[in-house]
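Enquirer: As you go down the protein sequences, you meet chains G and Z in turn. Remember, my numbering sits 9 above the position in the first sequence when you count from 1. Remember, my numbering sits 9 above the position in the second sequence when you count from 1.
No lab work stands behind these hints, which were simulated from the structure alone. Keep in mind that a hint or two might mislead.
Which copy? The list can't say, so a pair holds if one copy fits it or any two copies do.
To be verified - 16 angstroms max Cα-Cα, derived EDC-like pairs, lysine to aspartate or glutamate:
(1) Lys360 - Asp109
(2) Lys13 - Glu192
(3) Lys501 - Glu462
(4) Lys30 - Asp263
(5) Lys96 - Glu121
(6) Lys96 - Asp109
(7) Lys123 - Glu166
(8) Lys123 - Glu97
(9) Lys492 - Glu192
(10) Lys107 - Glu92
(11) Lys113 - Glu88
(12) Lys421 - Asp352
(13) Lys463 - Asp437
(14) Lys115 - Glu92
(15) Lys338 - Glu274
Protein chains: 2
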Amino acid sequence: MSKKLTSRAENFSAWYNELVKSADLAENSAVRGCMVIKPYGFAIWELIKDQLDKMFKETGHQNAYFPIFVPKSLFEAEEKNAEGFAKECAVVTHYRLKTDPENKSKLIVDPEAKLEEELIVRPTSEAIIWNTYKGWVQSYRDLPLLINQWANVVRWEMRTRLFLRTAEFLWQEGDTAHATKQEAIDEAKTMHQVYATFAQDWMAMPVIKGYKSDSERFAGAEETFTIEALMQDGKALQAGTSHYLGQNFAKAFDVKFQAAEGGEEYVWGTSWGVSTRLMGALIMTHSDDDGLVLPPKLAPYQVVIIPFLHKKNTEQNELLLAKSHEIKKDLEKFGIRVQIDTDVNKRPGFKFAAYELKGYPVRLVVGPRDLENNQVEIARRDTKEKSLQNIDGIGQYLHNLLAQMQESIFNKAVSFRNKHITEVSTFDEFKEVLDTKGGFILAHWDGTEQTEEKIKELTKATIRCIPNDAKIEEGLCVYSGKKSSKKVLFAKAY
Amino acid sequence: MSKKLTSRAENFSAWYNELVKSADLAENSAVRGCMVIKPYGFAIWELIKDQLDKMFKETGHQNAYFPIFVPKSLFEAEEKNAEGFAKECAVVTHYRLKTDPENKSKLIVDPEAKLEEELIVRPTSEAIIWNTYKGWVQSYRDLPLLINQWANVVRWEMRTRLFLRTAEFLWQEGDTAHATKQEAIDEAKTMHQVYATFAQDWMAMPVIKGYKSDSERFAGAEETFTIEALMQDGKALQAGTSHYLGQNFAKAFDVKFQAAEGGEEYVWGTSWGVSTRLMGALIMTHSDDDGLVLPPKLAPYQVVIIPFLHKKNTEQNELLLAKSHEIKKDLEKFGIRVQIDTDVNKRPGFKFAAYELKGYPVRLVVGPRDLENNQVEIARRDTKEKSLQNIDGIGQYLHNLLAQMQESIFNKAVSFRNKHITEVSTFDEFKEVLDTKGGFILAHWDGTEQTEEKIKELTKATIRCIPNDAKIEEGLCVYSGKKSSKKVLFAKAY
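The following block holds chain G by itself, in its conformation from the complex (with noise of 0.2 angstroms):
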């Protein structure tokens, strides 16, 4: 806390590393590229996920829990999946360790416990899932299915950095399974939708909707829904995917049911999925040079009271406290989690950075003065703006800012977001813009993986979806001049 961060415009991925570890939110483990997620750290995962799960339940799914491992066989029975994860799957062989025999005090693997059939760690559920849905779907009368699973998952990356690309993750991964390609496709839109709320409500976090292109689709899905952000240094993020798997993996795994109609027919499948990575996109999002700016919503604590104690007064230290709990707990009628800041030893200006470093939306300051004047002062984290209140309603007056706060972080976001969508007809523009402004680029393409393939090797631009709302217009491809219906979105990207 002594040290000030890296400045945002100085470094920005310095900035984000510096902030992760100093506001106790995550650190680098003794394993490679597997990260711990701190108290503070999940504490706000741990809101992110009570959300997610509440609006999970109303859209009518079940938690269920689903091994950890995937036989290699069961692993390769969707070739594009297995393919697509292939090169980063952590790997059991063995199930035994042993005393070494040249150092009795070293364990070595056991050679004699070498499984017969390797197991992967699940870098993601649908093979496992799949394979134990065949067992669950005889009728349409067991359909749909929809399911979620809470879990951690393993994909070993070359490159990570804490929550953005980690070897362990902890995510969510719907799994459902459904009578019709219809119902199947609405389902993967709901959870899509589901997500983008999340985004918006939640995280303060503006969101584009749209589909992903051939190359950049989930593998073994036949379309991948996503949400994408923006980052404050220009760089795109995507923040959670919905996957509509047409019948790939029940023919994969050879799931069939007896259609009302009469007839066997492969069932339609979607997965659904969003990460910790959510974490990382919203501290990138808000968060300014001083430290973490947290939405109200998602803030473990809101308000933090800090009565000015002195290390020898216990007289007032006795009137300090009682008023700071007699406001802790008005402000808890309104559902606001407080927190109060108890200690004599640290100073103020100390204890202020301290909050701001963590994002506490809001500093009550509760001085000696101010119990005379029936007054505190309030500081709000995301506009460093001060102002003395009343203490009477003063759970009232927090309750409405807090409100305010969350519109306002997020209608801030919007602004830096909008003003980063730049519509481009040429490919020098499309440069430009990308090397000087960053942010997303709306441009013609003419539809084929060539052009998206060389855009991305000259430039490092990736098309993030082709969005939803997406004008059809004709065009000429920002690359090849060749005809084009609409624009879609590009930019570099997490």
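Following the hints, put chain Z in place on chain G, whose structure we already have.
Expert: For chain Z alone, coordinates are given in the frame of chain G:
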């Protein structure tokens, strides 16, 4: 559902397996020893988890997340712990698959992607957590660390049974660090009491609190506190343990702190956990030959409303459904979890059996004649008692009934358990009780590991715990005839 369960008297073990599967709680998966927890089973686990989580937070703990993998060098650092788990470790040795050159549709482990150091899939997390704590603790001001994590762990058990012993299971693991020995002991005891309270007040399962003998202690602990429950077949089940770790892990991972009085000291630790094993305990404590019996607090749905719908009579069906929804609303005002069965095809008898199998605490039937009389039929799952109740005030009535049932289910279990605690004074008695009546046996023991081992060898009974409330009394060891100061608790156990 068409087939009745094997009765408990006939074959308790078959009854258990059939019940777990047919009540849709869990099933075996394609991965040896790993289970799939089905949505209905998982909903019970979620209720368990939510309540425990609340109790952990109320006692000052925060959640965090630590990696699933433990590098071998860390794993072996605390020698007793490593030795205790070495024989059941799943080991990751490679991080990539590649296409089988001999069969392009298959994958093989890429021999070039061998890890320099093997990774153990955590059987428990003390090693990785204490290695992390080393970085978090410098001074007494950093203590205590009161952290819990909800996670999956893997222990490669040879004989597995759904919920009771599975290669992968879900659990929580509290890991705390303290400045003084007394504080660590107090913490271990506090969590021991939290587990006991949860078992009794929520699971309606009486438990005996005590501590483990040396040979049954957790590998790496100085003292293991346990709660021991009794199943209906007379076997004991260890339902939760809380370990005082002394400075064992602090020394193994070099976790020291500057004491308030000056000087550097090793930190004192605890760890404590319960797992999906509690599901097995819950099932075997209360259920009967017709299926699951759930204490209302842990029932995903506490009341099922079954209107007598006719396949064709749409007008009457509408009235019945309207009334059902009205009743549901009334019940929900009291926080009761309610489901309405709107199926028009299945016969009532079939439905009744299905809800009994799944352990819905109360069945509420609404028939056409009931509408006229403004009454409904209530059936309790635990006692099978039926009664007619006026619809006015039904919410309040069921609210009270569910509370009564929670108590009554607990009292029944207490009565069974108390009848199955037998004090014996000779080894012949010991063996006879074990063979005929089963249950817990209180007997004098000379305190030696040899005697304990010998009794286990001869009878398969183990010391479940030395009860907290054991009377200090002079006596002679039931096996060796040597002096003993208190009776300890023996049983055959899961």
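Enquirer: Hint by hint, note whether the structure agrees.
Expert: Against the structure, the hints come out as follows:
no., hint, in the structure
1, Lys360 - Asp109, "neither (52 angstroms within a copy, 59 angstroms between copies)"
2, Lys13 - Glu192, "neither (52 angstroms within a copy, 36 angstroms between copies)"
3, Lys501 - Glu462, "within (13 angstroms within a copy, 66 angstroms between copies)"
4, Lys30 - Asp263, "neither (47 angstroms within a copy, 22 angstroms between copies)"
5, Lys96 - Glu121, "between (27 angstroms within a copy, 12 angstroms between copies)"
6, Lys96 - Asp109, "between (31 angstroms within a copy, 13 angstroms between copies)"
7, Lys123 - Glu166, "between (26 angstroms within a copy, 15 angstroms between copies)"
8, Lys123 - Glu97, "between (21 angstroms within a copy, 12 angstroms between copies)"
9, Lys492 - Glu192, "neither (33 angstroms within a copy, 74 angstroms between copies)"
10, Lys107 - Glu92, "between (34 angstroms within a copy, 9 angstroms between copies)"
11, Lys113 - Glu88, "between (45 angstroms within a copy, 10 angstroms between copies)"
12, Lys421 - Asp352, "neither (34 angstroms within a copy, 50 angstroms between copies)"
13, Lys463 - Asp437, "within (14 angstroms within a copy, 85 angstroms between copies)"
14, Lys115 - Glu92, "between (37 angstroms within a copy, 10 angstroms between copies)"
15, Lys338 - Glu274, "neither (59 angstroms within a copy, 40 angstroms between copies)"
The structure is inconsistent with the numbered hints 1, 2, 4, 9, 12, 15, although it conforms to all the rest.
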